[in-house]
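> Following the hints, position chain B against chain A.
In order, the protein sequence lines correspond to chains A and B.
Mapping to the numbering used here: the first sequence position 133 is 133, numbers consecutive.
The numbering used here runs 1000 ahead of the 1-based position in the second sequence.
FYI, nobody ran anything at the bench for these hints, they're computed from the structure.
Don't take each hint at face value.
[Stated by the list, open to error] Beyond 10 Å from chain A on every Cβ pair, some chain B residues (computed): (1) Lys1002; (2) Pro1026; (3) Ala1051; (4) Glu1083.
[Said to hold, decoys possible] Simulated restraints, written as ranges between beta carbons of each label pair: (5) A:Gly120 <-> B:His1040: 36 to 42 Å; (6) A:Asn149 <-> B:Val1057: 36 to 42 Å; (7) B:Gly1059 <-> A:Glu170: 54 to 60 Å.
Note that CB positions come from ideal geometry on N, CA and C, so glycine has one too.
Take a look at the letters that make up each chain.
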Amino acid sequence: MDADAKTMSTEAPRQRPRTRRPGVEPGRPVLSVRTVRASDMPAVVALDATVTGLHKAAYWQRVFRRYGNHGQGQRHFLVATLDEQVCGFVIGEVRDWEFGAPPCGWLFAIDVMPSARQLGVGARLLAELVQRFRREGVSTLRTMTASGNSLIQSFFRSQGMRAGHLLPLEMDIGHVVPTPNADTQEDQVT
Amino acid sequence: MKLQKNTLLALYSVLEFAARPDEHIPASEIAEKYGESAHHLAKVLSELVRARIVESVRGVGGGYRFIGNARRLTLLNVIVLFEDPAQELHPAPEEASATHDALARVFAEIDRIALATLGSVTIATLLKDIGRAGGPDEVADTAAESAEMA
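Chain B on its own, in the form it takes in the complex:
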């Protein structure tokens, strides 16, 4: 599975915001960290605002803040805002339909496993993993402390 650039940027952003849920983080900080233009990132963040995953506060001290539920929000919830992760095969000519159908069944099987995986990994779990792995930065403990859900 290869995710689009915007989707990956959205996942990185959500993880950054969820790691520091009490802070308003400037978009420029995320853009600089991941080597993206602020303009490009703004489009991604506006989608996350629309989905009520982050909120935007303007002015001095403003920025973006995580307002989702890290223990319930899954990677799949974020991904589907930007793309359909289940790839459809292009329709085949009629004489090749048996081959096409057989291949389509294999790809559908792969999709089912991928979707189940993405739909079961929450942002809190991922933050916990980053913390365990001695992750790159502050994307770790804050939300991960509450990762246990049951």
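Okay, chain A solo, but in the shape it has when bound:
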């Protein structure tokens, strides 16, 4: 935990001094879940880069604009912190009548720093997201995973998720043919 926290602190803002809540065992990290803040984003980008190997700062800024503190309501971007260091996040939103389904909560991103796994971080993030979805009146949570990603599937199943009523289908629609610009394309057609 400590080594990982040091890694994250290189990009995260300066941390406040440790505070202990009454009843919290000294020496044990304090796990909290809250709405993301702009100051969390460097740590979120770093976490994602650690897990995926891709540094996508611009992408994450767009996600923050859409789901961050100005995107609240039916959209949720939550972070988990261990001793105030970001160690995980979850993003989801309520979507209405997509795929013919009544309004439901979609979870489309969840991640936990590898060094913070098996500490209940993912379960806490999921529980908080579910609670917010319930407050918005939805009673179903949905997500999709890559079929080969058994680790994340095992996590969702351990939290009670099962195969649902929707079945994902896809097809290869071929290579994208680059066109220099629309005018050229129109000339070719006519």
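Same frame as chain A, now just chain B:
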């Protein structure tokens, strides 16, 4: 998907042992519970011992004990010890190959879904489910308490 008898017996056994990881459970207890001969069960258990999922202790008070990681061990991990769950179609004559290939693609699709499902259900999750359903016996709480993995 239809699993072979040995495979099912292995899954039942693993769930029994994982539910009581601190105990050495006699094979006779499992055999009696599932109506199998001790001799037949011994073959299944020896495979689980080889795979380091259970350990065997001889003598008075001996038996089998779960030594795997219930939060990481999946149904698929156990199944592949006994059989290949992905069914291959028998090769077809050349003139029927297009039909054969089309059918094979459908079965491969089914296999992919089945393998993904079996590969994502851990023993701990299943024990938790059994507990939720008010399951048949003591196969429930002990390992399920630690089912949360992330």
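> Are the hints correct? Go through all of them and say.
Now for the hints, and whether the structure bears them out:
1. Non-interface call for B:Lys1002 relative to chain A: holds, since the shortest CB-CB distance, roughly 19 Å, exceeds 10 Å.
2. Every C-beta of chain A lies more than 10 Å from that of B:Pro1026, the closest at about 30 Å, which supports listing it as non-interface.
3. In this structure B:Ala1051 is separated from chain A by more than 10 Å, as the shortest Cβ-Cβ distance comes to about 18 Å.
4. The claim that B:Glu1083 lies off the interface holds: its Cβ sits roughly 19 Å from the closest Cβ of chain A, which is beyond the 10 Å cut-off.
5. Between A:Gly120 and B:His1040 the C-beta distance comes to about 41 Å, which sits within the given range of 36 to 42 Å.
6. About 37 Å separates the C-beta atoms of A:Asn149 and B:Val1057, a value consistent with the hinted range of 36 to 42 Å.
7. Look at B:Gly1059 against A:Glu170: about 57 Å separates their beta carbons, and that is inside 54 to 60 Å.
In this structure, every one of the numbered hints holds.
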